[in-house]
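Peer 1: So the chains spell out like this:
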Amino acid sequence: MKNLLYLEWRKVRWPVLIMLMIATAASMILSSTIYQNYALEYDLEAWEVGMRFINFIFPLIAVLPVGWLMYYERKDNFLIYTLPRVSKNKYLLSKWIILVGSAAVTMFVVMFAGVLTALYLKPEIVPVLTLVDPATGELISRVLNHHFLGELFASHPLVYGFLLSVWRGFLAGLMATMAFVLSLYVENIFVILTGPFIYYILENFILSVLHIPQYRLATSFDPETLDMGSLHAFSLVGGPLLAVLFIMFLLFYFKKVKKMTVYPS
Amino acid sequence: MKVIVLRDIQQFFNGKVLFLLFGCFLFGITERQSTDHSYEQFVLHMVSEHYYLTYFMIPVFLLFTYKSLEEDMDYVLIRSRFYWKYFSAKSLAFLLNMIGFVCLQIIVVMIVGIGLRFDNSFIVAGVYSAFSMEELFIQYAKHFNSPTVASLAASAYMIVGLTVLSIFFLMLHHFWEKRIVSILMISSYILMTMGLKIPSLNEVPFLFINNYVILHYNFTSNGKFVISLICMLLMLVATGVLIKYCWAKRFHLNRKGRKKGIVFYYARFLFTKRNVGIMTVILLFISLWKFMNVNAMPAATTKDFLLSMFYGHGVDRFHMLSFLEMLILNGLPIYLLAVFVETINAEQNLGLLIRVKSKRSWTRAILQISVAFMAFYVVLMVGIGVTLCVMKGLPLVGVAQISMQLLALKFLEVLFQFLAFFLLFLWKRNVTMAFLLVFGSNVVSLLPMAWVIYFPTGLSSLARSSLFVGEEGVSFTMAIFILSGCVVCQWLYIKFRGYQKVLGG
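Taken in order, these protein sequences are the chains called A and B.
According to the working numbering, the first sequence holds residues -5 to 259 in order.
According to the working numbering, the second sequence holds residues 1151 to 1655 in order.
Treat the hints with care, since some could be wrong.
[Said to hold, decoys possible] Simulated crosslink set (DSS-like; lysine-lysine; CA at most 25 Å straight-line): (1) A:Lys69 <-> B:Lys1651; (2) A:Lys252 <-> B:Lys1410; (3) A:Lys249 <-> B:Lys1410; (4) B:Lys1578 <-> B:Lys1651; (5) B:Lys1578 <-> A:Lys5; (6) B:Lys1410 <-> B:Lys1578; (7) B:Lys1399 <-> B:Lys1507; (8) B:Lys1152 <-> B:Lys1217; (9) A:Lys69 <-> A:Lys253; (10) A:Lys249 <-> A:Lys82; (11) B:Lys1152 <-> B:Lys1394; (12) A:Lys116 <-> A:Lys(-4); (13) A:Lys250 <-> A:Lys82; (14) B:Lys1399 <-> B:Lys1217; (15) B:Lys1410 <-> B:Lys1423; (16) B:Lys1374 <-> B:Lys1292; (17) A:Lys250 <-> A:Lys69; (18) B:Lys1423 <-> A:Lys250; (19) B:Lys1578 <-> A:Lys69; (20) B:Lys1292 <-> A:Lys253; (21) A:Lys116 <-> A:Lys253.
In short, the hints are calculated from the structure, not lab data.
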């Protein structure tokens, strides 16, 4: 198993490392520039406003460097040569672990680099309070009152950033899984690489139109896109759950309805 | 012969009739709760209830008829001495079936109505006005003495109409395969619902099956009843003649007309059921959403709907939902075309490679079929919206001009994006990269510069048009000019240089 994992890692390492470097650089630059146009209260908010663009394309960051892994091995029938040497499930499992692991670690590093930049590298911001307390008429903190996990965000920004980065890494792994499932059956690399992104856009749009934006994957990825009012405990897991259901539907559709096989038959 | 009739009746009245009875029962109960009618009036009301008949009974009838169409069994055919005898036995079975079909519903209605007071006159004791007559009853009162007679006449007419229709469908099924009959059934139903919304259209004879089933639709103008009867008679006569004299012929839809060549070869990749289905579902979803928004406005028109459908995304401020909507509406055909290009790129069909004369004609074929696909998409987009509006009865003032303009604008923009995609594809031969770059070019409209309002990607958004923004916006002529200029440049490049690199060059 160890050798298998190492083998798979050697296949994807350059694309993953290149994507890691580009995206980390982008995240650090965005975290340390975009915030200048905003009136903010805490340093970590610079990370938040800087990441919006990356949030929009996160399935691409997760999928593009690794999604092709299975496609070419199915296309040129390389898979047949693995059959005498290793069991099907073991081979696919090691592939999946590498795929999900690299996507998750990439996303975590990209996000956490942004957190560190916003907290320690860029010059400290001058806090601007904008919210007025209707009862007393004094300026109060917007973050403490309306932010997702406002207390933690204000007092332990590093912990908040770390936790959210880990969660985002998990979601990136989910998107990579979707691409992996597609690559098990679809014979069109374009669909494999862009499928999760298209799913993300369509799901975002449809759930917004249906007035349930709290269950979007985008909300789960960045809880700040919504007001505190419409968020609740289920919001964070709603989007991923829907994605898991969609992945299971894909598996069921290809396997049972279309009766396709992963290995050439 | 008797056996055929019995067998058909047995096949018709199986478990699925319960569904009909259940629907009828539910509908009757709901109607009964809010009724001021007497017993006889209630029955008449139910047998001529517009919504029940058009949205429940007729679909159920079509479904049942479709189910009872089956391939003729050889040994039955051999034992019947003439085909027309066999056919008339089937027709008789249909007549009996339809009598049962209508009578069952009337019995359910009569059971539901038990307990209402008896009053065999057309005068309704309303709550609001002491003695009022409903509009429908006024029409009936002109022709019949009492509600009972009217109910009998309406149900008899219904039985006759349904029988004629089912015999007609049976005849169609004899000459054509079941798939075509089902398409004809569905389209006749859609035509009927459209005819209900546009009364002037409904005057055209033959096309609208509701005239044959529902008696009071024939009251709208003098002589319409006679026309409907003549139509039904003509249908029967045509059926009889065809069955008697041409029963052995087969009217195959002409399949030899299927064209050959690369364009049509590729058309089968592009115009698949799946692609058309995806486009229809997404467009229908967005249209319905837009339509509900527009319909909530006072004095909404079809023009308003079209304007909101093509509103897109402006340049000055970012709005997530409209941005996503623009991405989806403009990106959908490009995405499907990109899947198509990737398919033919990965396939590298050797037979095709040998038969194609030159790369130029190959490129031309790809571009031709893609342009046709995009034109289809744009027409579908406007078509679905206008159909929705027409069905809901929104006024159609000034739609022709604005829809032409919007069609042209949207088509040019989609074409521009596709050609940009195609050029990028020719450059690096990587579909994913080309698509993502074109898709990403939508982001340009969010940049804070002033000139981005003239950037061709997203130029078909009305949010940028001078129609909405005023002086600062882009006028229609200007937008057309920019887009067509870009398209011509791209096309010229592909024509003289780019084609050399198409597909494995």
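Peer 1: Which hints, by number, does the structure contradict?
Peer 2: 2, 3, 6, 7, 12, 20 and 21
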